[in-house]
Every structure is written in C-alpha cells, then in structure tokens.
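Visitor: Residue numbers (our numbering), protein chains in the order written: chain A, 6 to 525; chain B, 51 to 356.
These are computed hints drawn from the structure, not numbers from a lab.
Please read all numbers here as calculations on a predicted model, not as lab measurements.
Keep in mind that a hint or two might mislead.
Using 20 Å as the maximum straight-line C-alpha spacing, the simulated SDA-like pairs for lysine to any residue come out as follows [to be verified]:
#: 1; chain 1: A; residue 1: Lys-348; chain 2: A; residue 2: Lys-162
#: 2; chain 1: A; residue 1: Lys-190; chain 2: B; residue 2: Gln-135
#: 3; chain 1: A; residue 1: Lys-190; chain 2: B; residue 2: Gly-134
#: 4; chain 1: A; residue 1: Lys-270; chain 2: B; residue 2: Phe-74
#: 5; chain 1: A; residue 1: Lys-186; chain 2: B; residue 2: Gln-135
#: 6; chain 1: A; residue 1: Lys-439; chain 2: B; residue 2: Arg-78
#: 7; chain 1: A; residue 1: Lys-348; chain 2: A; residue 2: Glu-361
#: 8; chain 1: A; residue 1: Lys-213; chain 2: B; residue 2: Gln-135
#: 9; chain 1: A; residue 1: Lys-403; chain 2: B; residue 2: Ser-317
#: 10; chain 1: A; residue 1: Lys-403; chain 2: B; residue 2: Arg-78
#: 11; chain 1: A; residue 1: Lys-111; chain 2: A; residue 2: Tyr-188
#: 12; chain 1: B; residue 1: Lys-221; chain 2: A; residue 2: Thr-248
#: 13; chain 1: A; residue 1: Lys-290; chain 2: A; residue 2: Gln-486
#: 14; chain 1: A; residue 1: Lys-445; chain 2: B; residue 2: Gln-99
#: 15; chain 1: A; residue 1: Lys-187; chain 2: B; residue 2: Leu-204
#: 16; chain 1: A; residue 1: Lys-124; chain 2: A; residue 2: Val-151
#: 17; chain 1: A; residue 1: Lys-213; chain 2: B; residue 2: Glu-143
#: 18; chain 1: A; residue 1: Lys-270; chain 2: B; residue 2: Leu-204
#: 19; chain 1: A; residue 1: Lys-190; chain 2: B; residue 2: Thr-139
#: 20; chain 1: A; residue 1: Lys-84; chain 2: A; residue 2: Pro-329
#: 21; chain 1: A; residue 1: Lys-187; chain 2: B; residue 2: Pro-136
#: 22; chain 1: A; residue 1: Lys-213; chain 2: B; residue 2: Ser-317
#: 23; chain 1: A; residue 1: Lys-403; chain 2: B; residue 2: Val-77
#: 24; chain 1: A; residue 1: Lys-445; chain 2: B; residue 2: Glu-143
#: 25; chain 1: A; residue 1: Lys-445; chain 2: B; residue 2: Thr-94
#: 26; chain 1: A; residue 1: Lys-162; chain 2: B; residue 2: Thr-94
#: 27; chain 1: B; residue 1: Lys-173; chain 2: B; residue 2: Arg-275
#: 28; chain 1: A; residue 1: Lys-403; chain 2: B; residue 2: Asp-83
#: 29; chain 1: A; residue 1: Lys-403; chain 2: B; residue 2: Lys-173
#: 30; chain 1: A; residue 1: Lys-290; chain 2: A; residue 2: Tyr-188
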Amino acid sequence: MSINPELRRRSVLTGATALAAAPAVIGARAEAAAMPRDLTVAVPDNLVTLDPADANDTLSQGSCRLMLEGLYGFDENMKIIPKLATGYKANAMATEFTFTLHQGVKFHDGTPFNAEAVKINLERIANPANHLKRQSLLSVLDHVEVVNEHTAKVVLKTPFGAFIPTVAHPALALSSPAAIKKYGKDLGRNPVGTGPFIFTSWTPDTLKVHASPHYWVKGLPHMRTVTIRSVPENGSRLAMLQTGEAQYIFPMPPELVATIAHNPKITLVNRQSIIIHGAAMNTMKKPFNDVRVRQALNYAVDKEAFIKIVYNGYADQMDSPEPPLLSFYKKQGAWPYDVAKAKKLLAEAGYPNGFETEMWGANNTLVIRGMQFLQQQFAAVGVKLKVSPLEVGLLISKVYAAPNPQEATVQMNYGGWSSSTGDADWGLRPLFTKEAFPPKMFNVAYLDDPAVNKDIADGLHTADPKARAAAYADAQKRIWQDCPWVWLDIDRIVDARASNLQGAYRLPDGGLLLNDAHFA
Amino acid sequence: MLGYFLRRLGGTIPVLLAVSLFAFGFVRLLPGDPARLIAGPDATLQDVQAVRERLGLDQPLWQQYVRYMASTVRLSLGTSARSGQPVLTEIGERFMPTFNLSVVAMVWSCIVGVGLGVLSGVKRGNWIDQGSMVVAVSGISFPSFWLGLLLIDLCSVRLGWLPTGGDHDWKSYVMPAFTLGLPAAAVMARFTRSAFVEVAQEDYVRTARSKGLPERVVIWRHAFRNALIPVLTLAGLQFGFLLGGAIVIETVFSWPGLGRLLVESVSYRDYPVIQAEILLFSTEFVLINLLIDLLYAVVNPEIRLR
Numbered sequence: 006m007s008i009n010p011e012l013r014r015r016s017v018l019t020g021a022t023a024l025a026a027a028p029a030v031i032g033a034r035a036e037a038a039a040m041p042r043d044l045t046v047a048v049p050d051n052l053v054t055l056d057p058a059d060a061n062d063t064l065s066q067g068s069c070r071l072m073l074e075g076l077y078g079f080d081e082n083m084k085i086i087p088k089l090a091t092g093y094k095a096n097a098m099a100t101e102f103t104f105t106l107h108q109g110v111k112f113h114d115g116t117p118f119n120a121e122a123v124k125i126n127l128e129r130i131a132n133p134a135n136h137l138k139r140q141s142l143l144s145v146l147d148h149v150e151v152v153n154e155h156t157a158k159v160v161l162k163t164p165f166g167a168f169i170p171t172v173a174h175p176a177l178a179l180s181s182p183a184a185i186k187k188y189g190k191d192l193g194r195n196p197v198g199t200g201p202f203i204f205t206s207w208t209p210d211t212l213k214v215h216a217s218p219h220y221w222v223k224g225l226p227h228m229r230t231v232t233i234r235s236v237p238e239n240g241s242r243l244a245m246l247q248t249g250e251a252q253y254i255f256p257m258p259p260e261l262v263a264t265i266a267h268n269p270k271i272t273l274v275n276r277q278s279i280i281i282h283g284a285a286m287n288t289m290k291k292p293f294n295d296v297r298v299r300q301a302l303n304y305a306v307d308k309e310a311f312i313k314i315v316y317n318g319y320a321d322q323m324d325s326p327e328p329p330l331l332s333f334y335k336k337q338g339a340w341p342y343d344v345a346k347a348k349k350l351l352a353e354a355g356y357p358n359g360f361e362t363e364m365w366g367a368n369n370t371l372v373i374r375g376m377q378f379l380q381q382q383f384a385a386v387g388v389k390l391k392v393s394p395l396e397v398g399l400l401i402s403k404v405y406a407a408p409n410p411q412e413a414t415v416q417m418n419y420g421g422w423s424s425s426t427g428d429a430d431w432g433l434r435p436l437f438t439k440e441a442f443p444p445k446m447f448n449v450a451y452l453d454d455p456a457v458n459k460d461i462a463d464g465l466h467t468a469d470p471k472a473r474a475a476a477y478a479d480a481q482k483r484i485w486q487d488c489p490w491v492w493l494d495i496d497r498i499v500d501a502r503a504s505n506l507q508g509a510y511r512l513p514d515g516g517l518l519l520n521d522a523h524f525a
Numbered sequence: 051m052l053g054y055f056l057r058r059l060g061g062t063i064p065v066l067l068a069v070s071l072f073a074f075g076f077v078r079l080l081p082g083d084p085a086r087l088i089a090g091p092d093a094t095l096q097d098v099q100a101v102r103e104r105l106g107l108d109q110p111l112w113q114q115y116v117r118y119m120a121s122t123v124r125l126s127l128g129t130s131a132r133s134g135q136p137v138l139t140e141i142g143e144r145f146m147p148t149f150n151l152s153v154v155a156m157v158w159s160c161i162v163g164v165g166l167g168v169l170s171g172v173k174r175g176n177w178i179d180q181g182s183m184v185v186a187v188s189g190i191s192f193p194s195f196w197l198g199l200l201l202i203d204l205c206s207v208r209l210g211w212l213p214t215g216g217d218h219d220w221k222s223y224v225m226p227a228f229t230l231g232l233p234a235a236a237v238m239a240r241f242t243r244s245a246f247v248e249v250a251q252e253d254y255v256r257t258a259r260s261k262g263l264p265e266r267v268v269i270w271r272h273a274f275r276n277a278l279i280p281v282l283t284l285a286g287l288q289f290g291f292l293l294g295g296a297i298v299i300e301t302v303f304s305w306p307g308l309g310r311l312l313v314e315s316v317s318y319r320d321y322p323v324i325q326a327e328i329l330l331f332s333t334e335f336v337l338i339n340l341l342i343d344l345l346y347a348v349v350n351p352e353i354r355l356r
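Chain A with its partners taken away, still in its complex shape (with noise of 0.2 Å):
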C-alpha cells in the first residue's frame, strides 16, 4: 500500500490556509454585504445536458462543477485537489483504490453522502446497460465495496494508475442517489449533488443556480445566483459586458482586445492552457514513412509567425507532446525554424524537389487560418500543400472512416486535443500509441513505436508517481524526435471579465470554475 504523499500534502496545506484566512473572510464579508452578489456568465455555445456522465463538451461540464462535486477535483489551475474524499490509499498494482470520505455531506435533496452512495454512482457509469457517454472513463471498474460508511474501496478489473485523475474527471462527480432513482434518464435536467449551488432552472439558453445555504465549505459560496447564458456573436457577448449584463464572458476574441484595452471596467483574462494543435502526418505512408520528411516540415514552419498571424499572438510554443501543465510533462526542447535544414533534410530523404500533399482540417476560422499559413511555410521548401476545410461531421466520417491502418487515405490531418483528465496518460495514450489507431481513439498519425506503446502501457500499471514520471518522460522524448505532428502551439485561454470580479476561472481545459467567485 501507498499513499500518494503530494496529494495528501495537499490537502494538509488547503486546510492550514483556510485557517489562517478565516478572521480576513469574516471581516471582507462584512464588507461585502453591500456588494452585488449576482453572477452572469455569457458563453458561446448551449449546454447539452446537467447528468455529467453524459456530458463530452466542456460547458456542460463547467455547469455540472457548479452544483456536483466528485471525490477529487480540480484547482483552477487544474492541479488535483481532494473534494468529497479526504484523502485515497492504493495498491502497489493500481488495481485497489480506497477512498475516506468526508463526513457529515448532505445532497442538496437531503440524502446523506457516503461510501453507498460512491458505489452507486460509480457503478451506474460503469455499467455499458445506461449507455452513458463517459461510460468509457470506468471501463476499467470491476465493483466498490462499501468498506464502512465513510469508506469505500474501488476495484479494478486491471491495474490503472491514472485512477485518480480519472476521479477528478467531472464526468465523475456524484450525483444523489435518490435523484438517480427518481430521475432515471431525466437526471440531466434535475441535477442534485452536494456542490456550493442548488439547480434552479433550465430554459433553452439559460442555466440558474443559487447558492447552497449548508454548503460544507464554510464560507463558500460568495454569490447569492450565477446564470449562464448561451451568447452565441462574439460582438454581442463584448456587449453584455460592457453594459455590464455579464461579469465574465468567453471567449474574447483576439482582434477585439484592443477595443476594450482602455475600459478600466473590463480586464482581460489570459491563461495557459492544454488545449494543443498539430498537424499529423500519416506515418505508414509516404513521404511521410521518413522520419527526416516529418522533421522537415518541423523546421519548415516559423512557429513565432505562426502564432502572431493565426492567433494574435495569444498562444505559446510547444517545447513537448504534452502542454507545461499536464502531469508528468517533461520539455524537450523546439524545433527552431531553419529552411537550410528543412530542404537538406529533404533532399537526404530523396525528396530534393519536395512533394505534393494535402491537409484535411475543419472549416473555422482559425483553422482555415493555419493550415493557409502552413501552406506558405511549406512552398518555400517546395512542398506543394493542398489544403481541405471540411464541415466537421464530414472530417471525422474521413478521419475514422477507414477501419485499418492500410486503407487509411489521410495524408496530414490538422488538430488538436486537450486531456480532460489533466494527466499524461489521456494526454499521450489516445494520440500516439497503436491502440489508439483509428476508428477506436485518435492516433490519425498512426504512430506505433513499440518503445513508446511500452513506455506509456508501463506509466498506466502502476500508481507510483516515480515510476509514471519516468515512463512518460522517455515517452515525451522518443514521440518529440519522432515527430508524427507537425508540432503547432498550445492556446491560451482569453476571456474577459468585469474588473471587480475575483475568483472567477477557466480551467486549462477550458472548463469553468466559479466556485469561489466574488466581487472586491
């Protein structure tokens, strides 16, 4: 047995500041009662559905955090952090996780939380019979044993030491059981957990919530409501801000910053993220079969321009297959833009006139954007790039269409990809390992370097951080050299909120976080 010493560090320290923070929390709520306490959030797109084991967009998602908590979650900088669980012990082999639970929990509807209540929840996502969407996320669950009322020991059906962050997944957080029974396929739009917001309403554009008068949490939460509204014009959800309708909007496009730059009532919100994109190459077939081709166009591409012309600027380079803050990132370094290089490369690899390709990529702005100035970037080392925008039920109906490697016609696929659970292994494993070949995940480059498959099967057998690190370190570096992408940039998360609002997130991910939301 052993317990994961960060995480309960952790936890230790969240404790001894919230102490220290106590007599200052009293005093500025004092102060605020003056203050409005009436939260409006303007996104872009709908929600889909409150039942967050049904949920794959990161709206609904951030909704769901508002009113459900799992055992274990996120910070705004999506480090993990316990929730409902006070602390995990697990197994050498991954395959034991068991959890003490905080006591004393009510659901919102009264039902009390606790080891029972873990093992349904759990169980109802596991089980392939409710065909939920996260189903996938407990694939590996086998059963949970309800050890005492506040003790409950997940086992697995194989070792997976990326069980927690999987726990920290917002697909996991806990809904009543009562409600589960009495909503059945309604649960996504009755949501009851045990969060700092009680579910108000739901109209087609419109998410209420209230606050949670016996929160657990002492002193959380700051608003007394929090609306979330489906704003979809980019020039109207800038308006709702600058009237003042909305305090947080996302996101902010780039090309309005400036319009807002001298508005002391607005301040613009910009935040790394893991949200990255590439250009894969399709390593089965040529030219792509080369690695020195696949590095070529790594050095072909001036990646500083890139980010300037196609995102304004507001995004960072990548330096590894895996973004600064997901677990277990190891930097490798950049390819520096070098044309010298790109065509000497080229010419070794018996390509001196370069060749002609095409890239298939989505048909948004952005991407139109980038694979253009890819296409730039190529022509000065003769590689003709034709570029394909498709409307994107008819890119992935290309992408997964073909059900084995060899009849595969995908040459370079423009992407990206973010790891909803903040750990390297949904960070690595689903892009670039042979299981991961289409259709079953995402592997369009169709990498499969038994060293890599290796490294990364190793890094998911087992729970020790020690052994994980070393793992997907050497996965990192092998998967940088071997570049299957054309390896583009990580986004920043750019959104705008009114000035006085404080404690208001997105997550690296993109997922809101309002928990501790609050004027000052």
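Fit chain B to the supplied structure of chain A, relying on the hints for placement.
Guide: Frame of chain A; chain B shown alone:
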C-alpha cells in the same frame, strides 16, 4: 366556407406524409456519423458504439423508418439524439420565442410597409414616393448582422436603453423585431406600391372617379382592396419564412429560437430534431397558405371559396 376549410385541411395530410418521408431520407443523406458527433471529440470507439445503440442507429434502415413514422403519427416525434429530451419539449421551448418575435416583426412591417407603399403609390413621383423607396431599398440592402451589431452598440452600449439580447421583457423585443422586420417592411412597401399603381389604372377605378366619388373612397374602398390581394400573398410567404427562425437575428441578439436549434441539430446530425423541424416548417407553410386563401374571401367577397 367551413366545408371548404375542412376539405383543404384534409388535403394537407398527404402533403405532410410526403414531407416526413423526404425529411427522413434527407437527413440520412447528409454525410457524417451522428453517433460519433454526439459522442464527442474525445470519445473512444466504445463510447461511440454505446451512443449508436442508444439512438437505435445500429438497426436496419426500414426499422428506423417504421419507428420514426410510428412516433410521427402519434405526434410524439421521438427524443433528441443529443440532449435526450423529447423533441416536442425541445421545439416547444424554442417555438414561442420565434413565434412572438415573428408576429411583432410582421405586424410592424405590415403596417409600415403597406402604409409607405400606399403613400408612394398615391403620390407617385413626388418626394414622399422617392423618400420611402430610398428607405425601402436600404432596408432590403442592409445586412442584418451588421445592422444588429450597430444597434446593440448604439442602444445598449452607448445609450444603455435596451438590453443586448435575450427574450426577457418588451424592451428586449425592440431591436430584434426592428432588424428582423426591416427587410420585410421594405419588400412590402415596394410590392404594395407597384400593386397599387397597377390597380389605379384599372377601369373600375376610373369609373369610381368619374362617378364623382371622393378621392379617399376611391383609394381605400376600390383601389386598396384589390391591390391588397397580391400583398396578402406576399405577407403570408414572409410570415412563413420568419416562423422558420431567423438564424442571423437569433445569433446576434442571443434569441432562443428555432433557427439556432436547427443549426445546432444539423451540425450534430441530430436526426429526430432536424426531421421534426422540417415537418414543423412545412406544416406552418401549409397552414399559412390556407389562412391566406381564406383571407382573400374576407378582403374581396367576390372571391368564392369552393
């Protein structure tokens, strides 16, 4: 007239059955796999399969059709593939905002459009005529997203008079109804004018004048009534289009209407919702046409409905 109405109503049933068949075939001709789109961007094959089974898309096409027709005939229309909600609920929530906005836009654009049209038809060639036609042509030519954003910037951000969007109270109707109705009003004005000009040259108008009737009576009782027939047809068509939901207006003013729902359901290949919307829009058109036919008889008793 009641017999006529019932017969026409009965005649719509085969039309709607044909439309439902067309809708079923049409959505399945769209490229793209609904199960994969609905399962989401980081769904594994396992997740995609689960969604496919839940939606019944793993069944043979004829079974899907039988299931669809059974629910259509019972008017239940199935459940949304994306949200799992009954389609009736999804569409019901969106229908009233679209309907209310369409009615407000239609009412003002009819009054202003027909009024301007008659004015310029009567005072052909003078400044009123030219002025209102300039307004009309501008109304048709302004792109509505541009006008909408301009209005938001002026009335909400700078003046603070009106909310930027949503469908909360009467204030939130002002800008979207204006923007939505403007092109309709412009078309109506131009159409009314030409219909009026044409009718004014008819023999019975000259006869009415030569009888010594006052100009007011000539215009309103004789010319206007007859000129109104083609204008009514146009108004019906316009109203039908408005009820389909105005995607641009709904987007700019974050109006929770049917247009946005259609765009979303198409991008996720949410078959039941797309099918239901096609069926709804067709039904609306059929009913409006019927209503306009009835109105002909009200406007001009010479027209008999048989």
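Visitor: Please verify whether Lys-439(A) and Arg-78(B) have alpha carbons no more than 20 Å apart.
Guide: violated, 32 Å
Visitor: Need the status of pair Lys-124(A), Val-151(A): alpha-carbon distance at most 20 Å?
Guide: Judged against 20 Å, a Cα distance of about 7 Å means the pair holds.
Visitor: Given the hinted pair Lys-403(A) and Arg-78(B), is their Cα-Cα distance within 20 Å?
Guide: holds, 16 Å
Visitor: Does the structure keep Lys-348(A) and Glu-361(A) at a Cα separation of 20 Å or less?
Guide: holds, 15 Å
Visitor: Between the alpha carbons of Lys-348(A) and Lys-162(A), is the straight-line distance 20 Å or under?
Guide: violated, 50 Å
Visitor: Check whether the Cα positions of Lys-403(A) and Lys-173(B) lie no farther apart than 20 Å.
Guide: The hint is violated at about 62 Å.
Visitor: Taking 20 Å as the top limit, are the C-alpha atoms of Lys-84(A) and Pro-329(A) close enough?
Guide: holds, 12 Å
Visitor: Between Lys-213(A) and Gln-135(B), is the straight-line Cα distance small enough, at 20 Å or below?
Guide: holds, 19 Å
Visitor: For the pair we were handed, Lys-403(A) and Val-77(B), check the Cα-Cα distance against 20 Å.
Guide: OK: Lys-403(A) and Val-77(B) at ~18 Å, within 20 Å.
Visitor: Are Lys-403(A) and Asp-83(B) close enough, with their CA atoms no more than 20 Å apart?
Guide: holds, 10 Å
Visitor: Is the hinted pair Lys-190(A) and Thr-139(B) satisfied, with a Cα-Cα distance of at most 20 Å?
Guide: holds, 15 Å
Visitor: Could you grab the alpha-carbon distance between Lys-173(B) and Arg-275(B) and see if it respects the 20 Å cut-off?
Guide: OK: Lys-173(B) and Arg-275(B) at ~18 Å, within 20 Å.
Consistency with the previously given hints fails for numbers 1, 4, 6, 15, 22, 24, 29 and 30, ordered from lowest to highest.
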